[in-house]
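Q: Here is how the chains run, residue by residue.
Number of protein chains: 2
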Amino acid sequence: MDLLQKILQGDLRATARLMTMIENGAPESIPILKSLYRHTGKAYVIGVTGPPGSGKSTLTDGITEELRLRGKTVGIVAVDPTSPFTGGAILADRIRMQRHSLDSGVFIRSMATRGHLGGLAGATNAVVDVLDAAGKDYILIETVGVGQDEIEVVRSAHTSIVVAIPGMGDDIQAIKAGVMEIGDLFVVNKADRDGADKTAMEIEMTLHLGKATDGWRPRVLKTVAVKGEGVAQLTQAILEHQAFLHQTDGRRQKGKDRIYWVFYELLRERLTTRLIEKVASNGTLDAFIERIAARETDPYSAVDEVLMKAGL
Amino acid sequence: MDLLQKILQGDLRATARLMTMIENGAPESIPILKSLYRHTGKAYVIGVTGPPGSGKSTLTDGITEELRLRGKTVGIVAVDPTSPFTGGAILADRIRMQRHSLDSGVFIRSMATRGHLGGLAGATNAVVDVLDAAGKDYILIETVGVGQDEIEVVRSAHTSIVVAIPGMGDDIQAIKAGVMEIGDLFVVNKADRDGADKTAMEIEMTLHLGKATDGWRPRVLKTVAVKGEGVAQLTQAILEHQAFLHQTDGRRQKGKDRIYWVFYELLRERLTTRLIEKVASNGTLDAFIERIAARETDPYSAVDEVLMKAGL
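As given, the protein sequences belong to chains W and G, one line each in that order. Take the first sequence: its position 154, counting from 1, is numbered 191 in the numbering used here, and each next residue is one higher. Take the second sequence: its position 30, counting from 1, is numbered 67 in the numbering used here, and each next residue is one higher.
Bear in mind the hints are in silico, worked out from the structure with no lab data behind them. Some hints here could point you the wrong way.
Which copy is meant is left open, so a pair is good if it fits within one copy or across any two.
[As the list claims (entries may be wrong)] Lysine-lysine pairs mimicking DSBU-like chemistry, simulated, CA-CA at most 35 Å apart:
1) 315 x 293
2) 291 x 71
3) 293 x 71
4) 71 x 43
5) 79 x 346
Looking at chain W on its own, in the form it has when it is part of the complex (with noise of 0.2 Å):
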């Protein structure tokens, strides 16, 4: 039986294979995702993101444990969860795997992005679809909301949760702008530390400036992750949202919307890579960096050139 046809029938042993080879960047693993992919689309994607110490992977245990007691079988993916410095995070990574390795209906998968420039939101897309066609019916991705391909894998799931955490200054708080409009659900964990509501309220009324493009009002939840507090009620309000969606044809919706990202992120990939090997391996790349180390030319007009000469 070939990997595909295992991964269909949700061997745990394939799908992972299958990751390892989409990380590495295997070209063996695109025909298998071409012929994969008409299997996807059954998920529901949750997109999990906030700044590093929010409780993030706290809150995702949360959630898959509310939706395992549903019976819904879960895939979580954890994008960049390594820590260069301390080890630490890859060591919390070990121990939530070893917590759910008796349970077959919850699969976890790290993603770090050491070595793959520009291909992190490709490769985590990827993994999601390998997941739906495992069958899993929730996808959580979990994900630092900082840099522009994190936003965007949080943008493209259908229900995209928020975490703040209260008296932790100004700093730690910088979260992008554009976070705030693309959450669904807005989660200040650790609320039972001091401004929790205080954090909420700035959230709500920062809310109350934008409008709602989808006629769902995005809600604001406060939760104690490490002591479980909170987490059904957010569950809770997951189901509700995805309900909403699912009435509105916000599903189908937001589908497409994925569909042109992952789309567009693939052809820009793919595009560069090959313009670049052909400007490489005529020997004009080199050419071109020296002329314009020399300011004989500027970068905007040797792109130019490269397009004008390429036809496009």
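Using the hints provided, position chain G relative to the given structure of chain W.
A: Positioned in the frame of chain W, the structure of chain G alone reads:
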């Protein structure tokens, strides 16, 4: 006198105006950037990255003061300082600007990323070029060390500084893998806190595992930026790295690396925009999205089709 001439003479308002054009993606900025480019390549570029709350801004301010004491002019590009939750970072930024507002030798620019999907790196590079052409001796780029664009921005600097802090738990230190590799100098800021020596030692140990590719042995320094402690030593280390690069032809090599990356980013943006326009203008983009959404094809095969039709 035209905008370019004013900028070359160090006119602040003209400089700010071109930067706003760049941030807004105004096409009129391109011809100016083309003409301006031959006046670049003189400034020394320093990248400062680290997690939120590590005190990057205070460190950057401290380095700026030290450089001003040495009679050097400074440009600061703060990438993404906005805080949608509290507005705090914006406020802090205004206070900073006020502090330096009487000093015409310092120019500060904040870059937000809102609405510029994929364009942050390009816009930041262009702003660095403007400051370079405007005659700033040193350009400091300050950015949260998460997200590939941000890492590349710092990597492309002549001297890359990675900021860490002691005793803030694991998750908070979850800087991207790959950040360790880009640092020429490592700073443990807030070094009056418990665990500073431990963090410094951990970084030292990690550094010993890696190899110095260009002959420079990365250094680890401790600072308390808010009290100004260690900032003079850090600035001295920057100047020593600058002298090292000068002696070893490293500066020319780093310059070329930066040009390669700028060229690649520009090519990527322009290519994708142009091909998407082409595909969209004849209505095939919508058709592709619909076909993918219906699972009649998949994103990978659709991109193959587009590239084939474009003769690439």
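Q: Would you pick out the hints that fail for this structure and give their numbers low to high?
A: Checked against the structure, no hint fails, so every one of them is satisfied.
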